[in-house]
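Chemist: Residue-level listing of the chains:
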Amino acid sequence: MIDATSDAMTPDDRSDPGDNGSRQGLAGQPRLSVLPRGPWWTRVKTRHKILIIAFEVLIIGVIWQFLIGTLGLINPIFMPTPTRIIEGFGLLFGSGEKSVISATDQAIWVHIRRSAYCYSSGLFIGVVVGIPVGLLIGTSRTAYRLIGRFIWWLYAVPWVALRPPATIWFGFEAAPVIFIVSFAATFPILLNTAAGPQTVDPSLLRSAQVFGAGRFEQFWKVLLPSSLPFIFVGLRQAIVISMISLQVAEIVGSSKGLGALIVLMTSHFKTGAAFAVLLSAALITIFLGQGVRYTAEKLAPWHFGQVRR
Amino acid sequence: MTLRRRKTEASGMASEVEVDHQVILAHLGKGNASRTSLWNLIFVVEVAALLGLWEMISGPLGVMNPKFLPPPSAIFDELWRMLPIVGERPITEDIIFSMKNFGYGYVLAAIVGTTLGLVIGTTKSGELLLGPLAYYAYAVPRSALAPVIILIWGLGAESKVVIIFLLAVFPVLITTMEGGAQVDRTLVDAGRVFGATRLQTMRKVILPDLFPYVLIGLRIAVIRGYIGVLIGELMGSFKGLGTILKRSSYNFEMAQSFAVVVILIVLSSLTMLLVSFMKTKLAPWHQEEDLLRSR
Numbered sequence: 000m001i002d003a004t005s006d007a008m009t010p011d012d013r014s015d016p017g018d019n020g021s022r023q024g025l026a027g028q029p030r031l032s033v034l035p036r037g038p039w040w041t042r043v044k045t046r047h048k049i050l051i052i053a054f055e056v057l058i059i060g061v062i063w064q065f066l067i068g069t070l071g072l073i074n075p076i077f078m079p080t081p082t083r084i085i086e087g088f089g090l091l092f093g094s095g096e097k098s099v100i101s102a103t104d105q106a107i108w109v110h111i112r113r114s115a116y117c118y119s120s121g122l123f124i125g126v127v128v129g130i131p132v133g134l135l136i137g138t139s140r141t142a143y144r145l146i147g148r149f150i151w152w153l154y155a156v157p158w159v160a161l162r163p164p165a166t167i168w169f170g171f172e173a174a175p176v177i178f179i180v181s182f183a184a185t186f187p188i189l190l191n192t193a194a195g196p197q198t199v200d201p202s203l204l205r206s207a208q209v210f211g212a213g214r215f216e217q218f219w220k221v222l223l224p225s226s227l228p229f230i231f232v233g234l235r236q237a238i239v240i241s242m243i244s245l246q247v248a249e250i251v252g253s254s255k256g257l258g259a260l261i262v263l264m265t266s267h268f269k270t271g272a273a274f275a276v277l278l279s280a281a282l283i284t285i286f287l288g289q290g291v292r293y294t295a296e297k298l299a300p301w302h303f304g305q306v307r308r
Numbered sequence: 000m001t002l003r004r005r006k007t008e009a010s011g012m013a014s015e016v017e018v019d020h021q022v023i024l025a026h027l028g029k030g031n032a033s034r035t036s037l038w039n040l041i042f043v044v045e046v047a048a049l050l051g052l053w054e055m056i057s058g059p060l061g062v063m064n065p066k067f068l069p070p071p072s073a074i075f076d077e078l079w080r081m082l083p084i085v086g087e088r089p090i091t092e093d094i095i096f097s098m099k100n101f102g103y104g105y106v107l108a109a110i111v112g113t114t115l116g117l118v119i120g121t122t123k124s125g126e127l128l129l130g131p132l133a134y135y136a137y138a139v140p141r142s143a144l145a146p147v148i149i150l151i152w153g154l155g156a157e158s159k160v161v162i163i164f165l166l167a168v169f170p171v172l173i174t175t176m177e178g179g180a181q182v183d184r185t186l187v188d189a190g191r192v193f194g195a196t197r198l199q200t201m202r203k204v205i206l207p208d209l210f211p212y213v214l215i216g217l218r219i220a221v222i223r224g225y226i227g228v229l230i231g232e233l234m235g236s237f238k239g240l241g242t243i244l245k246r247s248s249y250n251f252e253m254a255q256s257f258a259v260v261v262i263l264i265v266l267s268s269l270t271m272l273l274v275s276f277m278k279t280k281l282a283p284w285h286q287e288e289d290l291l292r293s294r
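Residue numbers (numbering that gives the first Met the number 0), protein chains in the order written: chain A, 0 to 308; chain B, 0 to 294.
Hints may be right or wrong, so weigh each one.
Calculated pairs, DMTMM-like style, for lysine to aspartate or glutamate (alpha carbon to alpha carbon, straight line, at most 25 Å) [as the list claims (entries may be wrong)]:
(1) B:Lys238 x B:Glu157
(2) B:Lys203 x B:Asp183
(3) B:Lys66 x B:Glu252
(4) B:Lys66 x A:Glu172
(5) B:Lys238 x B:Asp76
(6) B:Lys123 x A:Glu55
Some, not all, of what chain A presents toward chain B, calculated at C-beta under 7 Å [as the list claims (entries may be wrong)]:
(7) Ile52
(8) Arg144
(9) Gln246
(10) Ala273
(11) Ala281
(12) Ile285
Simulated from the structure, these hints should not be mistaken for lab results. C-beta: ideal position from N, C-alpha, C; glycine also.
Please build the complete structure, drawing on both the sequences and the hints.
Modeler: In structure tokens form, the structure reads like this:
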């Protein structure tokens, strides 16, 4: 719908005949290379490709362990080995003597709860502000003329720069973090949503008019469904950006939250635990992104269902 | 820039907004020229009214404490004070420090990102072995690595360059990779039919088709790079714009920190303009598909 050329392209166009298994790419990722031929081992089936990735990760882990752990090329305090990262998880959740967290009298759940709270409320504010305003400026020319440029200006503000002022405005608790997260999340959602109604096929709108649809019905039945894919794209970008902004906002001047936990662990030279937190954040982001992707495929199958190649 | 859906989406990790003010405006505003100037006039009036309102509420009316929300006049005063030669408190050194770090990190990111992206995006082996890893590494919130990086490289310029590099490299890498998927397969096949070797196909067909996407990635990387500058300097530094921002905020000199934010916006916009200009100069053949064309 948006990118006409890619949608018109059937899945078969890009894949070698008889290579059905890998048509879709790895784990739903697009096929990237254009050159048709590769060595024999590039023609394996999708199932086997996942094995290859697992194997690859394993090998990297082993080399990493060998270089740093056994040979000691880098001080493991600076760059923890995989075993140390796994130990780091134990350090975070354990309550024994070795646990840094219990030493500072703060259970891990305090940090997790605070981060979850900030992340979800920031994202919620982003959705609540972004989607209606985006639909408004996307459908109304006057509204866009009036506030469009200001929104682009606000989007140009590097949100990290607002972190120190946010401390002054909102204090040291969750509020400044929520402010930063919602600021970072709103604009991707808003601008993508605003782009949605622009791409509606005008003949669809005209035919709706011919069949006697009022302005509201035109919006509800034509404009909104066509904007849905864009809203999801915005949401997916917002999920990633919110996680980044959450971490940054907590690292710079917050005492609770996953970002603060990273700082705490780093300053205790428990880099393994810091990397464990980082890894968890990455896994959460991937999980949420895939969740939105799945929802998008359910709710807007006409758009996302065909993109897969 | 455009309103095109990039293949990145299909990967579940879309990178950045790809819409541009001019595009939306072009399609919303089909009015004639006189209307446009009218709207520009309205815009100027709007800006003036907003600034006036802001000045009033944190100045004479006293709705907001100017300690928390400084009026625009105070911000302009502060900006004037920061000017290199005429100002009384010039911040040239800090700007040069930040920009130098940005330059090193950005150029490094551009080189590494483009090279790796080409390898992954155009060869089957690269796609199979490195592609998924690149996507998963992209999902790691790399800004959270900042404390560790500062632990390793210290408070000087090196750690900032590393942070900027880490933040800026992935947009370039991912867009270059995705650029590989955008290359028209028909053109590649046509090249092969006419007997082009692998190298020739690469040089004459794939690279020109891919190049604009590299530049799009570079554009996104600018924003990321500036965020990296700020993260690095807010975490701990002796010099730089972020340091001034942090210090002035915690000293309750909000006018100064707003002035720094203004400087940052101007700098990042200028860099963006530079990269966009490069794109129109270096890849003029690339007409990004105008998806709004139907209207």
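Chemist: Does each hint hold? Answer for all of them.
Modeler: Hint check results:
no.	hint	result
1	B:Lys238 x B:Glu157	13 Å, holds
2	B:Lys203 x B:Asp183	13 Å, holds
3	B:Lys66 x B:Glu252	7 Å, holds
4	B:Lys66 x A:Glu172	20 Å, holds
5	B:Lys238 x B:Asp76	22 Å, holds
6	B:Lys123 x A:Glu55	16 Å, holds
7	Ile52	5 Å, holds
8	Arg144	5 Å, holds
9	Gln246	4 Å, holds
10	Ala273	6 Å, holds
11	Ala281	4 Å, holds
12	Ile285	5 Å, holds
Hint violations for this structure: none, all hints satisfied.
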